[in-house]
Amino acid sequence: DGGITQSPKYLFRKEGQNVTLSCEQNLNHDAMYWYRQDPGQGLRLIYYSQIVNDFQKGDIAEGYSVSREKKESFPLTVTSAQKNPTAFYLCATHSGELFFGEGSRLTVL
Amino acid sequence: SQQGEEDPQALSIQEGENATMNCSYKTSINNLQWYRQNSGRGLVHLILIRSNEREKHSGRLRVTLDTSKKSSSLLITASRAADTASYFCATDAGGFKTIFGAGTRLFVKA
Numbered sequence: 346d347g348g349i350t351q352s353p354k355y356l357f358r359k360e361g362q363n364v365t366l367s368c369e370q371n372l373n374h375d376a377m378y379w380y381r382q383d384p385g386q387g388l389r390l391i392y393y394s395q396i397v398n399d400f401q402k403g404d405i406a407e408g409y410s411v412s413r414e415k416k417e418s419f420p421l422t423v424t425s426a427q428k429n430p431t432a433f434y435l436c437a438t439h440s441g442e443l444f445f446g447e448g449s450r451l452t453v454l
Numbered sequence: 097s098q099q100g101e102e103d104p105q106a107l108s109i110q111e112g113e114n115a116t117m118n119c120s121y122k123t124s125i126n127n128l129q130w131y132r133q134n135s136g137r138g139l140v141h142l143i144l145i146r147s148n149e150r151e152k153h154s155g156r157l158r159v160t161l162d163t164s165k166k167s168s169s170l171l172i173t174a175s176r177a178a179d180t181a182s183y184f185c186a187t188d189a190g191g192f193k194t195i196f197g198a199g200t201r202l203f204v205k206a
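Quick mapping for you: the protein sequence lines, in order, are chains A and B.
If you read the first sequence in my numbering, its first letter stands for residue 346, the second for the next number, and so on.
If you read the second sequence in my numbering, its first letter stands for residue 97, the second for the next number, and so on.
One or more hints might be untrue.
Said to hold, decoys possible - In silico DSSO-like cross-links for lysine-lysine, where the CA-CA straight-line distance does not exceed 27 Å: (1) B:K193 - A:K354; (2) B:K205 - B:K165; (3) B:K152 - B:K166; (4) B:K152 - B:K193; (5) A:K402 - A:K428; (6) B:K193 - B:K122; (7) B:K193 - B:K165; (8) B:K165 - B:K152; (9) A:K402 - A:K416; (10) B:K193 - A:K428; (11) A:K402 - B:K193; (12) A:K359 - A:K428; (13) A:K415 - B:K152; (14) A:K402 - A:K415; (15) B:K205 - B:K166; (16) B:K152 - A:K402; (17) B:K122 - A:K416; (18) A:K416 - A:K359.
No wet-lab data here; the hints were simulated from the structure.
Just so we're clear, the structure is a prediction, and the values are computed from it rather than from any experiment.
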């Protein structure tokens, strides 16, 4: 099946820990995105990448890091510097429209 | 920053009724898109309308765009319980950045 796979679906983290969310796509799209969604709110852009080995900060990049070593993969690391990391994280690719994964829900204990 | 603002924030209707959601935005756009999100899931693209289009249909969906007022509306006709979801407008102003509004939560009662 063509699509976007995010893992894990649920993740719990202790304060002070870094965690990495995986996003893999087999749609052969160049552009990939990470969004954060808080309860009852819209999506805010964290990072995006238009091509391999290149990425740009979105509106809320502080406390997050990404890499784009392969076209298929765009992992997001939530670092201990992110003060309020509990949220729903969505990965997407872009080809005229956005195609989304099923999301990863991160909870800080 | 959020470009689109949806109205109303929440909408509750009976099955069979029409549902109308509105979206306003602030800057010039290339296109406007509507997405649907079931609770706890990813977003699914519904329809895209370009800046030079005024109206577009897809099944039970009708989207209008008024660039002079910087607004759009999404009409779902003959709603069903399965239409219960959150609906988001998103604007594309170029540069690979799509900006989302806060969404309208639609509840369709059977």
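To test your reading of the hints: which numbers does this structure violate?
2, 13, 15, 16, 17, 18
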